[in-house]
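*Asks:* What follows is the residue order along each chain.
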Amino acid sequence: MVSHMTNEPGNQGNGLTPLFLVIAQGIEAGILDGSFPEGSQVPSTNELAVFHRINPATAAKGVAHLATDGTIYKRRGIGMFVAEGARAQLLKRREQQFEQHFVAPLAAEADLLGISPDRVLELVSASLTATRKEAAWTPSPSPR
Amino acid sequence: MDAVSLTEVTQRFGDVTALDHVSVSFGERRITGLVGRNGAGKSTLLELVSGRARARLGSVTVHGKNPYEDRAVLSQVCAVTESQPYPKSFRVSTVLTCAGLLHPQWDISTAHDLVDLFDLRRQQKVSQLSRGQRSALGVVVALASRAPVTVLDEPYVGLDAVARRQFYDRLLEEFVAHPRTVILSSHLIDEVAHLLDHVVVIAHGRVVLDAATESVRDGILELTGPSVLLDEYAARLTVLSRADLGGLTRAIVRGARADEAAARGLRVAHLPFQEAVLALSSGPSRGSGVGTADSP
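Top line first, the protein sequences correspond to chains B and H.
To convert, count from 1 in the first sequence and add 402; that's our numbering.
To convert, count from 1 in the second sequence and add 117; that's our numbering.
A couple of the hints might just be wrong.
Simulated crosslink set (SDA-like; lysine to any residue; CA at most 25 Å straight-line) [said to hold, decoys possible]:
1. B:Lys476 / H:Val293
2. H:Lys182 / H:Leu237
3. B:Lys476 / H:Thr214
4. B:Lys463 / H:Glu290
5. H:Lys182 / H:Ser192
6. B:Lys463 / H:Lys182
7. B:Lys463 / H:Asp314
8. B:Lys463 / H:Leu388
9. B:Lys463 / H:Lys205
10. B:Lys463 / H:Gly372
11. B:Lys494 / B:Val424
12. B:Lys476 / H:Arg374
13. B:Lys463 / H:Ala329
14. B:Lys463 / H:Pro221
15. B:Lys463 / H:Leu237
16. B:Lys463 / H:Ser192
17. H:Lys205 / H:Leu219
18. H:Lys205 / H:Asn183
19. B:Lys463 / B:Pro439
20. B:Lys463 / H:Leu219
21. B:Lys494 / B:Val452
A partial selection of chain B residues facing chain H, derived with a Cβ cut-off under 10 Å [unchecked claim]:
22. Leu421
23. Ser437
24. Ser442
25. Pro445
26. Glu449
27. Ala451
28. Pro458
29. Tyr475
30. Leu514
31. Leu515
32. Ser518
33. Arg521
What follows is a list of derived Cβ distance ranges for each label pair [what the hints assert, rightly or not]:
34. B:Asp435 / H:Arg353: 40 to 50 Å
35. B:Val522 / H:Arg154: 29 to 39 Å
36. B:Glu497 / H:Asp307: 34 to 44 Å
37. H:Ser226 / B:Glu449: 36 to 46 Å
Worth flagging that the hints you see were computed from the coordinates, not collected in a lab.
For every residue, glycine included, the Cβ atom is placed at its ideal position computed from N, Cα and C.
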């Protein structure tokens, strides 16, 4: 059954993310992959609660989190909508996080192991090529 | 704000103290989980809330009224228990008819819907129902009652994983469509954790935890690392349990912050909700009271 958070969509897999952030990240992922285009309505708190099988208050907190940073905005009496320019902004923020969460630890680990910068670039480049080949074989990549 | 309140309630059965100076409230339009071991006092508490028993010491109110004495308030409460004592000669349809008469907000179409979902036959007698079917019937009554205060005491006994999942889904759907105060007692904490706004843990007749679900998750972490580093960091925190392996220590700590601990070189993990609740309810933060014998 739902043990911990590993079953939740968009979970970063470290189990450290509070559930409301997981919900927010799920909506962000939908904005990034085009499920929720800019200007479109995002699911209501109640729809999110039933879909993710969580308490509506938690879903509301996730939605409020995205509204605070301007990714989505409220149209009174109608619901929440994806802001214009939200996708570009998200991509920019995600790139910063990529640097912080992936590149920096990679550099630190490489340094610890004494792997030369050239070798690191070579490894990353090879890994990228492999990932892209794999992606090309899959007609419709699964969201998970 | 609070739909249900208990104030200084003490309930004894002979020399067994089932509830010991319990003061606790259940917020309106919230889903609160009531958690505790067998004999902790959960059912005694819920019997008081649903007017099936009278508080001898202390007071119990539902919407400000005493549920044992006030018939109007009682019609606002629907309680189903693990051993739902429906008369054996009743048919499923009779139980539903009676429930409809007892609960003013009864929704017949929800009832029919759920009867079909759980594969109950309307003509079947209660005496012929399996354990799981009896639980399913209880769930039908509780959800279709739309009672402003809905109490579910271990409602899933005998239900398989699929039926439990259906129950949780329908509970959420009903809650979202018709918000109400839900008190759900359960052993299966991890299964219900995501549904809950709030969790109340009782042990030996006392409330040992009364907290927002989220604060349970955030407030308790498992830290692992060199004993020196861990002791230094944990000095000002509450250590609920610890285990040592040479110079390595693993501790469950209350009040830690994940980012702080990680910055000090400790490995940080969140506990599954059930373990966090257990740690909080058995750790040193607990009151000094050592319980008497378990109640029946």
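*Asks:* Which of the stated hints cannot be reconciled with the structure, identified by number in ascending sequence?
*Replies:* 2, 3, 6, 9, 12, 14, 15, 16, 18, 20, 21, 23, 24, 25, 29, 30, 31, 32, 33, 35 and 37
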